[in-house]
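Chemist: Line order of the protein sequences matches chains A and B. The first sequence begins at 1 in this note's numbering and counts up one residue at a time. The second sequence begins at 597 in this note's numbering and counts up one residue at a time.
To be clear, the hints were calculated from the coordinates, so they are not data collected in a lab. Do not rely on the hints blindly, as some may be mistaken.
[Said to hold, decoys possible] List time: in silico DSS-like cross-link candidates among lysine-lysine, alpha-carbon distance up to 25 Å:
1) B:688 to B:728
2) B:661 to A:202
3) A:183 to B:665
4) B:734 to B:709
5) B:728 to B:709
6) A:202 to A:344
7) A:360 to A:202
8) A:304 to A:344
9) A:493 to A:510
10) B:661 to A:191
11) A:317 to B:671
12) A:23 to A:9
13) A:191 to B:671
14) B:698 to B:728
15) B:698 to B:661
16) A:9 to A:183
17) A:23 to A:202
18) B:661 to A:317
19) B:661 to A:304
20) A:343 to A:202
21) B:698 to B:734
22) A:23 to A:183
23) A:191 to B:665
24) A:317 to B:665
25) B:671 to B:688
26) B:698 to B:709
27) A:304 to A:202
[As the list claims (entries may be wrong)] In silico contact screen, one side only, chain B against chain A (beta carbon under 8 Å); selected entries:
28) 612
29) 616
30) 619
31) 623
32) 654
33) 657
34) 667
35) 669
36) 670
Bear in mind that the values here come from a model prediction, so they are computed numbers and not experimental data. No residue lacks a Cβ here, since even glycine has one placed at the ideal position from N, Cα and C.
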Amino acid sequence: MADNPRQPKLMTGAQMVVASLEKLGVDVVFGLPGGAIMPTYDPLMDSEGVRHILVRHEQGAGHAAEGYAVATGRVGVCMATSGPGATNLVTALYDAYLDSVPMVAITGQVGASLIGTDGFQEADIRGITMPITKHNFLITRAADIPLALAEAFHIASTGRPGPVLVDIAKNAQQETTEFRWPKQYDLPGYKPTLRPHSRQIKEATTLILEAERPVLYVGGGVAKAGAAGELARLVDITGIPVVTTLMARDVFPDDNPLAMGMPGMHGSVAAVGALQRADLVFAVGARFDDRVTGRLDTFAPMAKVIHADVDPAEIGKNRVADVPIVGDARLTLTRIADALEGKKLPDISVWVEQLQEMRKTYAPGWEEPPAGELSPQYVISRIGALAPDDTVFVTGVGQHQMWASHFLPHRHPRSWLTSGGAGTMGYCVPAAMGAQIGRPEATVWGIDGDGCFQMTNQELVTCALNGIPIKIAIINNNVLGMVRQWQNLFFDKRYSHTDLHSDQYPDFVKLSEALGCVAFRVTQADEIDATIRRANEINDRPVVVEFVVHKDAMVWPMVAAGASNDDIQIARGMAPDWGEQAEDEAVGAAGSGEED
Amino acid sequence: MTSTHILSVLVVNRPGVLTRVAGLFARRGYNIESLTVSPTNDPQVSRMTIGVDVDSPSTLEQIVKQLNKLIEVHKIIELEDSAVTRELVLVKVRSDLENRSKIVDTVGLFRGKAVDVSHESITIEATGGREKLEALIKMLESFGILEIVQSGRVAVNRGASALAAKSSRNGS
Ligand SMILES: Cc1ncc(C[n+]2csc(CCOP(=O)(O)OP(=O)(O)O)c2C)c(N)n1
Numbered sequence: 001m002a003d004n005p006r007q008p009k010l011m012t013g014a015q016m017v018v019a020s021l022e023k024l025g026v027d028v029v030f031g032l033p034g035g036a037i038m039p040t041y042d043p044l045m046d047s048e049g050v051r052h053i054l055v056r057h058e059q060g061a062g063h064a065a066e067g068y069a070v071a072t073g074r075v076g077v078c079m080a081t082s083g084p085g086a087t088n089l090v091t092a093l094y095d096a097y098l099d100s101v102p103m104v105a106i107t108g109q110v111g112a113s114l115i116g117t118d119g120f121q122e123a124d125i126r127g128i129t130m131p132i133t134k135h136n137f138l139i140t141r142a143a144d145i146p147l148a149l150a151e152a153f154h155i156a157s158t159g160r161p162g163p164v165l166v167d168i169a170k171n172a173q174q175e176t177t178e179f180r181w182p183k184q185y186d187l188p189g190y191k192p193t194l195r196p197h198s199r200q201i202k203e204a205t206t207l208i209l210e211a212e213r214p215v216l217y218v219g220g221g222v223a224k225a226g227a228a229g230e231l232a233r234l235v236d237i238t239g240i241p242v243v244t245t246l247m248a249r250d251v252f253p254d255d256n257p258l259a260m261g262m263p264g265m266h267g268s269v270a271a272v273g274a275l276q277r278a279d280l281v282f283a284v285g286a287r288f289d290d291r292v293t294g295r296l297d298t299f300a301p302m303a304k305v306i307h308a309d310v311d312p313a314e315i316g317k318n319r320v321a322d323v324p325i326v327g328d329a330r331l332t333l334t335r336i337a338d339a340l341e342g343k344k345l346p347d348i349s350v351w352v353e354q355l356q357e358m359r360k361t362y363a364p365g366w367e368e369p370p371a372g373e374l375s376p377q378y379v380i381s382r383i384g385a386l387a388p389d390d391t392v393f394v395t396g397v398g399q400h401q402m403w404a405s406h407f408l409p410h411r412h413p414r415s416w417l418t419s420g421g422a423g424t425m426g427y428c429v430p431a432a433m434g435a436q437i438g439r440p441e442a443t444v445w446g447i448d449g450d451g452c453f454q455m456t457n458q459e460l461v462t463c464a465l466n467g468i469p470i471k472i473a474i475i476n477n478n479v480l481g482m483v484r485q486w487q488n489l490f491f492d493k494r495y496s497h498t499d500l501h502s503d504q505y506p507d508f509v510k511l512s513e514a515l516g517c518v519a520f521r522v523t524q525a526d527e528i529d530a531t532i533r534r535a536n537e538i539n540d541r542p543v544v545v546e547f548v549v550h551k552d553a554m555v556w557p558m559v560a561a562g563a564s565n566d567d568i569q570i571a572r573g574m575a576p577d578w579g580e581q582a583e584d585e586a587v588g589a590a591g592s593g594e595e596d
Numbered sequence: 597m598t599s600t601h602i603l604s605v606l607v608v609n610r611p612g613v614l615t616r617v618a619g620l621f622a623r624r625g626y627n628i629e630s631l632t633v634s635p636t637n638d639p640q641v642s643r644m645t646i647g648v649d650v651d652s653p654s655t656l657e658q659i660v661k662q663l664n665k666l667i668e669v670h671k672i673i674e675l676e677d678s679a680v681t682r683e684l685v686l687v688k689v690r691s692d693l694e695n696r697s698k699i700v701d702t703v704g705l706f707r708g709k710a711v712d713v714s715h716e717s718i719t720i721e722a723t724g725g726r727e728k729l730e731a732l733i734k735m736l737e738s739f740g741i742l743e744i745v746q747s748g749r750v751a752v753n754r755g756a757s758a759l760a761a762k763s764s765r766n767g768s
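Just chain A, same shape as in the assembly (with noise of 0.2 Å):
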């Protein structure tokens, strides 16, 4: 039957969530519901447009939306009921928001008339992800649910993308009303600045122009934009060598001679050196965190700095920028590439090759495993060598991320995702699963630690439930490793409570097992290509790989925490030779600097 245009059409407030996902676009919905988030569930039911996959906590569900919308561009969504519900996906939205994943979450109130009582499950989830949330909702009437929906989307998504969260009070999904569309926001005051500023653009092409010794810092702000295109062209142009830092390992393929790996703590020599030494930091979509920067005042000391960032609030806000650039990463970079197109560039091959030779003399290796004992390292690098070229990565938080971004190859956009910002250790198993339904020709590999594993492997359950056939590494080291190596270093070895006994329990291979996963266990190095190439083939439900390493390996190079980015280290106690001018340069730059 036609809809009859000048009949309102009525609805519930839950169909309405319904039809707005649907109207927005929506594929998927990561939740688990509960008694204030029920009404909007009973006509999820019936979505044709709308899959719905039930997780096993809300924290995975949030993960997972974080997961499916970095694999794929799209804001993802997950649904969760009041109360512990809503606060179960906290962790998530504070993910999100540090490495602005655009998310929406939607979550049940308890009706209008209980809020304020400390009714059943009624928490203020509004008051408590105010901070860790680009923007979030309270709605108690059914009409506002459209408008607040299509906010909330244009929000997640357009400018800095973060999470969004719409709080929606149980009698505004009961309630019936007319069904009304939004013409256009009620948002005076959320206009992001895309169209970066002409004199702007002048003045870095101008600056680039001068530069002797220039390097590309490219963060996050490049992926989420997904302008891995335009850098490519811009680097083309110019030939200025790049470094991409944890968040960007993605979007300029390692394999290029001008790649200089990541920079900062556990960085690359020549990453770190290049920004060290360079004369000039062009910076896009990059925020000179301290993981980035060591101890900001002996940072990049020479440096002129062009900070390009669609979020006015990060530039200057830990450097001082000669040229800020407010704008979309994607329309800088190619304001910059044309006004530097066909134009005469300096020559800066000098700089280049010292920094490809830091590049091929310090790549990032590894020590030998005592005998018979397998590296962690080498594991990682074979998964890498193994994978086929679509693949797509994900990480937990510790060591292994941090070899992860050092060894495996990095060659297309959207397909390394890894929890930067806020370092949530839990995110691997459901951000795998998310990236898996959004992206379901893609083999999806996580990388995980036996620490992170324990915290949300019960979402292995619903990827074998649902046929989503991710793979995941567990890289067993027995303890909490990247703690632990901080207290070898730095704490005289007084290893607390860091150890995991993972060799006792839990039975990897039987919890996958149980988990409905395909499982090995690896602890020969003869076995380890063999077994990856039978996790390649399978495809019809998850696998998880326990591989069996040693608990000492340390992840270097290293810049301890506070210190200046001069003082990496390669090995314990090592620092890379700099040669003679560098020597000069750095000596001028720690004078500069007041002492510890």
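Fit chain B with the ligand to the known structure of chain A by using the hints.
Modeler: Showing chain B with the ligand alone in chain A's frame:
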């Protein structure tokens, strides 16, 4: 050395906005020196006058930028040094028949007035800039102050230019 700046912030008139603004200050470690919130001639819009103590111009810049990111914030201006700023103070002073007229005379010099009188006390109302009110309070101290209530600042730039909310709406 910190310095105080006054921000005029137009925000949507909705529940939760004050929490959001105050929360932003708290979370990022900025200090609110004074804060007033009040309706404007547009019922949709409220005006916050926020005095902030900052240790450097870049902190002030960060505050303004972070506030600007809040979706409920329509517009922010930093008021000029020459802006007209006013506070209201109510001072309850210990007073008997003997010194009452002396107090009223003193207050008259500041163009304040008595708003309540009892056998043991007198309550004074005065408005003005911070320095004037401080001077008044100092004068009243010798009589014995029982209680002071002071409003936050309200402030407006001199001249004809006015702070109005952006009226344009975003298209969808
Ligand atoms: C939720 C959470 N809790 C604690 C930490 C602190 N933390 C960072 S890395 C790490 C150890 C991770 O251990 P594991 O998963 O075994 O990985 P490994 O470092 O051994 O590779 C811990 C506890 C964190 N990042 N997130």
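Chemist: Look at each hint and say if it fits the structure.
Modeler: A quick look at each hint next to the structure:
Between the alpha carbons of residue 688 (chain B) and residue 728 (chain B) the distance comes to roughly 17 Å, so the proposed pair stays at or under 25 Å and holds. Only pairs whose Cα atoms come within 25 Å are accepted, and residue 661 (chain B) paired with residue 202 (chain A) is accepted, the gap being roughly 24 Å. At roughly 24 Å between alpha-carbon atoms, residue 183 (chain A) and residue 665 (chain B) fall within 25 Å of each other, so this suggested pair holds. Annotation: proposed proximity of residue 734 (chain B) to residue 709 (chain B) holds, straight-line Cα distance about 16 Å (limit 25 Å).
Distance hint between residue 728 (chain B) and residue 709 (chain B) is fulfilled; the C-alpha atoms sit about 14 Å from each other, no more than 25 Å. For the hint pairing residue 202 (chain A) with residue 344 (chain A), the CA-to-CA distance comes to about 15 Å; that is within 25 Å, so the pair holds. This hinted pair does not check out: residue 360 (chain A) and residue 202 (chain A) have alpha carbons roughly 35 Å apart, beyond 25 Å. Taking the CA atoms of residue 304 (chain A) and residue 344 (chain A), the gap is near 21 Å; set against the 25 Å cutoff, the hint holds.
Proximity of residue 493 (chain A) to residue 510 (chain A) is assessed by CA-CA distance (about 33 Å); at most 25 Å being required, the pair is judged violated. As the CA atoms of residue 661 (chain B) and residue 191 (chain A) are separated by approximately 13 Å, the hinted pair is consistent with the 25 Å bound. The suggested pairing of residue 317 (chain A) with residue 671 (chain B) holds, with an alpha-carbon distance near 21 Å, which does not exceed 25 Å. Proximity of residue 23 (chain A) to residue 9 (chain A) is assessed by CA-CA distance (about 15 Å); at most 25 Å being required, the pair is judged to hold.
Note on residue 191 (chain A) and residue 671 (chain B): the hinted pairing holds, with a Cα-Cα distance of about 11 Å set against a maximum of 25 Å. Taken as a hint, the residue 698 (chain B) and residue 728 (chain B) pair is honoured in the structure, with Cα atoms around 19 Å apart against an allowance of 25 Å. Of the pairs offered as hints, the one joining residue 698 (chain B) and residue 661 (chain B) is violated, with about 50 Å between alpha carbons and a cut-off of 25 Å exceeded. A threshold of 25 Å between alpha carbons decides the hint, and for residue 9 (chain A) with residue 183 (chain A) the separation of about 16 Å falls inside it, so the pair holds.
A C-alpha spacing of about 41 Å is found between residue 23 (chain A) and residue 202 (chain A), which places the hinted pair above 25 Å, so the restraint is violated. Our distance criterion of 25 Å between C-alpha atoms is met by residue 661 (chain B) and residue 317 (chain A), whose separation comes to about 10 Å. At roughly 23 Å between alpha-carbon atoms, residue 661 (chain B) and residue 304 (chain A) fall within 25 Å of each other, so this suggested pair holds. Restraint check for residue 343 (chain A) and residue 202 (chain A): the C-alpha separation of about 13 Å stays at or below 25 Å, so the hint holds.
Proposed proximity of residue 698 (chain B) and residue 734 (chain B) is supported: the alpha carbons are some 15 Å apart, at most 25 Å. A hinted pair counts as satisfied when its Cα atoms are at most 25 Å apart, and residue 23 (chain A) with residue 183 (chain A) qualifies at roughly 12 Å. The suggested pairing of residue 191 (chain A) with residue 665 (chain B) holds, with an alpha-carbon distance near 9 Å, which does not exceed 25 Å. Restraint check for residue 317 (chain A) and residue 665 (chain B): satisfied, since their Cα atoms lie roughly 14 Å apart, inside the 25 Å limit.
Under the criterion of a C-alpha separation no larger than 25 Å, the hint pairing residue 671 (chain B) with residue 688 (chain B) is inconsistent with the structure, at around 38 Å. Using a Cα cut-off of 25 Å, the hinted pair residue 698 (chain B) and residue 709 (chain B) holds, with the two alpha carbons roughly 13 Å apart. Between residue 304 (chain A) and residue 202 (chain A) the alpha-carbon distance is near 15 Å, which keeps this suggested pair within the 25 Å criterion. Below 8 Å, beta-carbon pairs count as interface contacts, and residue 612 (chain B) has one with chain A at about 7 Å; its hint therefore holds.
A hinted interface residue such as residue 616 (chain B) counts as satisfied when its beta carbon comes closer than 8 Å to some beta carbon of chain A; here the least separation is about 6 Å, so the hint holds. At about 5 Å, the closest approach between the beta carbon of residue 619 (chain B) and any beta carbon in chain A falls short of 8 Å, and the interface hint on this residue holds. Annotation: interface hint on residue 623 (chain B) holds; nearest CB of chain A at approximately 5 Å, less than 8 Å. For residue 654 (chain B), the shortest C-beta to C-beta distance to chain A is roughly 6 Å, which falls under 8 Å, so the interface hint holds.
Because the closest C-beta pair between residue 657 (chain B) and chain A is about 7 Å apart, less than 8 Å, the hint holds. Because the closest C-beta pair between residue 667 (chain B) and chain A is about 5 Å apart, less than 8 Å, the hint holds. Annotation: residue 669 (chain B) was flagged as interfacial toward chain A, and the flag holds, the nearest CB pair being 5 Å apart, inside 8 Å. This hint holds: residue 670 (chain B) has a C-beta 5 Å from the nearest C-beta of chain A, less than the 8 Å allowed.
The structure fails hints 7, 9, 15, 17, 25 (numbered hints given earlier, in ascending order).
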